[in-house]
Each structure stands twice: as structure tokens, then as C-alpha cells.
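A.B. asks: Listed here are the chains, written in short residue letters.
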Amino acid sequence: MTASAAKALCKRVLAEASFGDVRVHVRAASRGDLRFGATRPTTGGDVDTLEITVTASKDGRHATVTGNAAGAAELAALVQRAEALAAIAPVDPGSVGPLGKVTPARVLARDPKVAAMGPADRAALVGEALDTAIAKGVELSGHLQHGLVVDAFADRAGLLVAHEATDLVMTCTARTSDGTGSSKVGVRSHGRASLAPKALVERAAEVAIGSRAPRAIEPGNYTVVLLPDAVAELLDFLVGAMGARAASEGRSFFSAPDGATKLGTKVFDERVRLWSDPADRQNPASPLGDDGRPQAKVTWVEGGVVKALHTSRGFAAERGVPPIPEPTSLHMAGGDKDVDGLIAGVSRGILVTRLWYNRMLEPRQIVATGLTRDGTFFIEGGKVSHSIKNLRYNDGPVTMLTKLLALGRAERSGLFAGRVTVVPPLVVEGFRFDSVADSV
Amino acid sequence: MSTTRRGFLTTTGLVSAGLLLPATRTSALPSIVRQPAPTSAPSSASGSGAISFSPLPGKAALAFAAIERARKGGATHAEARLVALTRERVQIRDRRIEDLSASEQIGLSVRVLVDGAWGFAATPDLTDKAVAIATDRALAGAKANVALRKRIGAPPVELARCVAASGAWVSPHEIDLFSISAADKAALLLAATERALAEKGVAHAEAGVTSVREDKLLVTTDGTRVHQIHFRVAPEFTVTAIDRRRGRFASRDHEAAPMSAGWEYVRDLDLPGAARGLARDVRQKLYAPAIEPGNMHVILAPSNLYLTIHESIGHPTELDRAMGLEANFAGTSFLALTDRGKLQFASDAVTVLADRTQPGGLATTGWDDEGVASGRWPIVEAGTFVGWQTTREQAAWIGEDQSRGCSYGYGYVGLPFQRMPNVSLQPGKDDLSTEDLINATERGVYITGRGSWSIDQQRRNFQFGGQMFWKIERGRLTGPLRDVAYQANTLEFWRSCDMLGGPGTYRLGGSFGDGKGEPQQMNAVSHGCVPARFRANVLRTGGAT
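Respectively, the protein sequence lines represent chains A and B. Residues 445 to 884 in the working numbering are what the first sequence spells out, letter by letter. Residues 1378 to 1922 in the working numbering are what the second sequence spells out, letter by letter.
So here's chain A without its partners, still in its complex pose (with noise of 0.2 Å):
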């Protein structure tokens, strides 16, 4: 489906209600993506979604109702059930109006290329990355997948909105074959011309041959040096964190005393900055929030103070704060070194190229569990010495954030599947890991 398909699928849609606040919410997206594992390929095929959001509103009730179906009786249907719904809802105290017209950036991130994938593109992009495995000698799983995905928004008070989106993955978990070395890559792109399987591959076989025979360390305090994949996966959890509704409430790092929040406070080392801008070149996001809000180009931390926090609209009409939606993009701000000139650095540490199942311990200093994965190594004289054993940290990015001995240079993670985040790998000091995994 086209932008303006979308967009005129919404008017039919607004085009039913009775009540005078309706709006509505057209996801439709066709994706195409074959999987493999064991070297050889196993499953995948085309799969077409559509999902048509309504929600009504009438003196303080609201409901919504998603359908898939959009027939002329389907769509007057669904209109009708949210409207049905709604009014045997309780008044909502908090609900507001709807957004109304709203200007957002025009973001291009729709490759011709990657809408035109089929079969024969999958099966010749695996084939090339399954060539590569067989000619390194490892054992090569993996994902590969593309998608058109087109959002549009519209209320009755002049929302109309769409962004439309190409989007290609590809993942790769190499592993050798006496079973004690492993490693992933991926790559994430709206566009065809960043995905290279043969080299992906080859960097996978060189890092999963390099962890090989892992040697126990004992857990404690350790300097770390994160790539971006495991900082991405930890500045998620700081994003979440940066919701103004828990701050308030005194459940959330950003909480201070009384009600207040740590806005203009410094939390972090002055060298941390990252921001929101769904218009980067490089690596465009969706200029629209999950509710149809624009996403404009949001500074969160500058000199390690906090200069913003999302909200919702209720939250913020009530407390007369910025209604700031979530944001699909996240950058951080680096600087020049490679990750060997970050290595350089450090006399006696580790270096962690992911984390996984990463999950929340306490959201009042963000302090989470997880562990490392695919390819951890000890550090000593600024140099790699050898492969260890995968660790369980406890620890988070509060840590990462004011514990910081060197950035090194941005780049996208391939690996994070959640918002575009484009953040630099990360030296760390005394990162905390509590127990070893003999698990590869």
C-alpha cells in the first residue's frame, strides 16, 4: 500500500463516524524473509498485515477497536463497534482532544530497491552468506528480512498524515564447529546498498574463530569496552526510563524530591549527549509517534544534563508540560577512535560485543540483569590477550553513562531491534558482573 492509499483509507474510515472526535490509524505492510540455520535454508515466506486503528471519543469516553478487514461494510462496522464502545465506557478524566493538523518532517525512507524484493532476492542474498560460511568453515544461522510498511493518521479535526518505509535486515550468528565459539552481526538499513552478506559473514567467521576455547574469569569490577550493540541495548532501558509521568510519580531515576524531576540536572559525564532526529540522512526513523505526533528533533542529555522526557498528551496537558512523544530514533555522540585505539586504552579489562536477555532489576537506579554473548574477550596491555567465558552482569547505564573513560566513533547497530540508535562504542570502568555463564 501506498502513503496515499493509506491516507485515502482513512478518510473512508472518517468518512462513517457519527461522533464527532474519531480517529484513526492505518498500518499496512507486506514483508518478505527467509530464515537459516545449520548452514542450509529452513523457513520463511510473504506475508501481507494491515491494521485499521479507530478510536472515538464523546464527552470523556473513549475505546478502540482494530480491524483488518476494508470492505465498505467492514470499515462501517468497525467504525460503529468503536463508537458502541465508547459510549459504555467510563468517563475518562483525563482524555483529551484529538491532535488535530500537525506538520511533520518529510523523511525519505522508502529504497525502490528493497520494495521490489522477492523469493529469488532472499534465496541469492542467503545463498551468498551460506557460500561464505561453508568456504570459512563455520556454521552459519540467520535471518533475512524485508518489508514495506506504511502508517498513515487522520482525525476530524485535520490529522492527516503518512510515512512510508522500506526496511532490510540481515542477521548472522556464525559459530564453530567444536561448539566453543559464537558470534552474531547484522545490519539494518532502509536501503539495499548497505547489505553485503559476503563480508558480513566473513567478519561473523573471524570473530566466532577468535572466541574460540573460552578461559573462566572470576566476576567482580571490571573496565569494559562496550560495542555499540551492548550500548544500544543498555541506553534502551535509560529511554525508558525518561518517561516524565514516572519521574513525577517518585519511580523513576529521574525522579527528585517532591514531585520534582531531574530536567537541567547533571546526571551523567559531561562528554554524554544524545538526541532524537527522525530526518538524519543516513539513518532516517519514522517522523510520526504511535499516536500520529510529529517527531520533531529532540536534544535529551547535553554536557550529561537532562534537557528533556516523554510523555504522553494526558500527562502532559495536566501538568502543562511539553507533550514530547517517545522517540524511534536515539544517536549519542562519539568520538574519533576505532574500537582497537579505545582497546589501546585499557591496562586490564573486557570487551563485550552484545548483551542478551537484558531485563530491568531496579527502575530507580536502572539497574538490570543480562548477560554477554556471542564473542567475549579479556583485555590486558591495551591489547586483546584471549577469549573468556560469557558473564552475567548486574549493572546498567547509569553506570555507562558516568563511568566513562573514552567514546569512540558512532555508528548503527546492527544488531538492536527496537528504534534506529546510532551510538558510539563505550569504555566503561567498573562495570559490575556477578556470576559466569559456561554457555556459548
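Since the hints were derived computationally from the structure, they do not count as laboratory data. Note that this is a predicted model, so its numbers are computed, not measured.
Computed list of chain B residues with no C-beta within reach of chain A, every gap over 10 Å: (1) I1428; (2) G1450; (3) A1545; (4) I1668; (5) T1715; (6) E1758; (7) D1813; (8) R1851; (9) R1853.
Facing chain A, according to a computed beta carbon distance under 7 Å, are these residues of chain B, among others: (10) L1525; (11) L1702; (12) E1895; (13) T1918.
Here's a subset of chain A near chain B, in silico, CB distances under 8 Å, partners left out: (14) P485; (15) T493; (16) L494; (17) G586.
Beta carbons are placed, not taken as given, at the ideal position from N, Cα and C, and that holds for glycine.
Assemble the complex: chain A is given as a structure, and chain B must be docked to it using the hints.
C.D. replies: Structure of chain B alone, referenced to chain A:
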């Protein structure tokens, strides 16, 4: 029934008695708000109404047309699934509606096998033309994969035999979840949060209920035609207390499990009646002391242990993981094919069954998504690892001639693959109660409810939290604790299991959110279990405060 209410009242009795637990067996444990599974067996009798109102039989011709077109187009095997997935969510935060929403996703998917390679396509457009296009896309995908399969030299996919099935099955329930209006559901939840907010120390309360109806019609070129409707419900109730002066807060979740059931399950929980107990717990939790870490006994209530079973027994016994097919995302397994029948997984006391027939189980069904009749089989028998979870494609990999019936795809978009059945720890031989376990323990922690959880990709090193933690000293619960997690390695942990509750302590826990596969799909699954005693490293997780 008021079993929950009685359990709840005895709990508050315990708390107000200063936690001096008598050495004799009583029901006075902090085991609130768990509900035994419904006891009626799966049957189609209770669901004939649901079947007759389903929109799917009227569309069955589309599914038959798809498999016929696939067969003519070169498929040696084809399946078509018509799926209507209906979800309703009512969520209250304090005194206002946070979410009142309903969704229905209906569509058709077709899976084909051409020359030993899979193809798949799905469409929400239920017209002859769209279904024909989807079938052709599935065939085109399979043919592209055949060429690649042969070039790489990979073996063809072969399916284990399957008796053609025909029939209908509806998960047992008394009251259709969707026959209760969203307004009535909201009123119940608002009453619950209102009661909680009236309690001393409660700053916030949230209550919600998610209702799911999964309506699925499967036809295959084996001659199978089965129509099934699953009803699943997940109630939630959380209270929060905040100490702004100390910069601390605590939350307490109701421990009610998601269940395959009707509205009677939520009604009998009496959520408003649970508010006082939750409030009392959250105040205790807020001011409880931190734990002295160390290696000690942990006694895990079923409301906590179910998730540990899920992660440390359910996942490593998935055959696709052991074969390396999930290495890129969910991970592999510490178990090897050669371990079956040999590896001492747990102490002799431990027997674990996979069971897609158990009442109330979220993964209980009549047939799986390949038309294989559901069953029950041992995973761990008297401590020895003995069984895998399989699909038709996988049976031959372990020398079996039939699938164990573990195929599932989520919604019409979900490609069916190996998913977890209910995996349940069987009660101990002695008729022990939770009190018996506590009374026998010199030093340890009693843990109830679900907290944070994390486990490595081969399922060895795990670390789990909980909802409530109680210090055990010389056979008594001596007070609540906060910021506790237990960490262990799977085999050491299960081999250390030395006490199990008896049949009367068996409860179901479960989750709608078992994630696996790429693109990731959700699976709903339950785990029955009894309270059990283990040794683990107990950690303090609260950081600096």
C-alpha cells in the same frame, strides 16, 4: 467459589500475627491469590455455541481452494489455516481508564512443501483472488528455496506420518469472556483500584484484563480438517507504594496466572477483595530489609517456579534449539541428542511431563497446527532427561515415527514451527505442604510470584527475582525481605531439588509471552508445579540504597 478469598484472609492473618508460623501444618501461608486450574476435561461440548458463531466455516472453501491450487502447482504437501484472533484489553490506572480496546485480525495462510523445501504466504484479504495470489507466492518461495537447498546440499524436509483428523474442539469454559461487556469488566477493575487506593500507603494501583479468542480452522492435503477455538484470559492487579523521603518505591503484583478459561475464573478471583492483602504486602516490601547474600536454600512457590521451569526445562528440550536452528535468536541448548535417556537432569524426586491435555493449560489443545492429536509424555522421568518436544518435520531427527504435536503459529501471519507445550513438574510422593518445606529448612528464603528473569542462550546460567521474599530461620518465616534474586546453573539447581510439595499444592502458572522464532512469534503456555526446595546463590539486587 471463594477459595481465593479464604486463602487471602489466612494470609493477612499470618502477617498480622507477626509471621510467627506454627510448626504444625496450617493454611496460614503468604500463598495468596493463586487459583487452582479448572478441572473439567477438554471437550467440544461446552463450545458448540462458539463453533456455531465462528465466521471461519463459511470461509472454508478458500482454504480448500488454496491447498488444491498448491497441489496442482507442485506441492507434495500443503496446509491452509484460517485464523481469527480477537483480543480485548481493559486497563485501569488509578481511577481512570488507560486502555479500552478490542482488535480482530482475520486472515489465511498457506504453507507448502515442494521438493523438500518450505514455502509460506499469508493474506488478510479473504477473496478468491487474494488467496490464489498468496498460494502462488508460497509456491514461488518454496521453489526458490528448493534451488538453494539443492545447491547447498541440504537434505529435503520430510514429514512424519499423521492420521487425518476431523473435528472441532473448544477450550472448556463456563462464561464466554466476550459475553461480559467491556463496561462491566472496567467496573470490576475500577472497584479493585478504588479499594487499593483507599488502603494506607498505596500511591498507585493498576488493574487490567486481557481476553483472547483464537479461532482456527486447519485443512491439509493429508485430509485433515479441524476447527478449534481457544479462550485465554490474563487478569492483572498491581499496587505501588512510594517513600519519597528515602527515594524508594515498591510494587506488588497479584499472583493470579493467565489461564485457559472463561470469565468465571476472573469473577472467582475477587480482585477488589485482594486489594487489602496486596496493600499490606507492598507496605512490608517497601520497608523490608535487604537480604544478606549467600548460597542457601530457596523454597519456590508455584507462582515463581513455573517460570523457572519454563526457562530451564521447557526451552532446552525444544528439539530445534538443540539442532542449532534457533542459534541466531532464541539460542541453542545445553542438551545434546545423545543425552536422552542418559543425562541426570535433576534429582530422583523430579518428574516433568509435557502435557497438551491438562485442564486450564494455555497450550492445551485438541490438535496442534499440523493436525497432530495432543498428548502427554515425559520430559524428565525420576531425574533423567527422556523426552524432546517435536513437530512432524523433527520426529525423524530423533528416530521417532510420529510428531509429539508441538507445532504452533501465532495468528494468520504466523508460520507454524516447534513451540512449547505445557511442561509441568509433578507433585512429590509424600503429601507435603509448603509449611512442611519451610519447617524443614534451617536457613533460606521463601519466594513467591514473578519478578525479573534472565537466562543464557543455552539455558544454563539463570537469575530470577520474585514478588515477595520471606526470610527462613530455623524452620520459620521470620520476616519479609526486598531486592532478592536467586542465581544458579540449570543442572546443579535441579539436581539440588530435595523436597517437593504434594498433590494438594499443585498450581498452574503461565504466560502469553513465550517468544521465539524470526520473525518473533508469541506462544501462550502454562506450567503446573508444586512448591519445591533447591539450593542457589541468593543475591541482593537493589544497588546502592
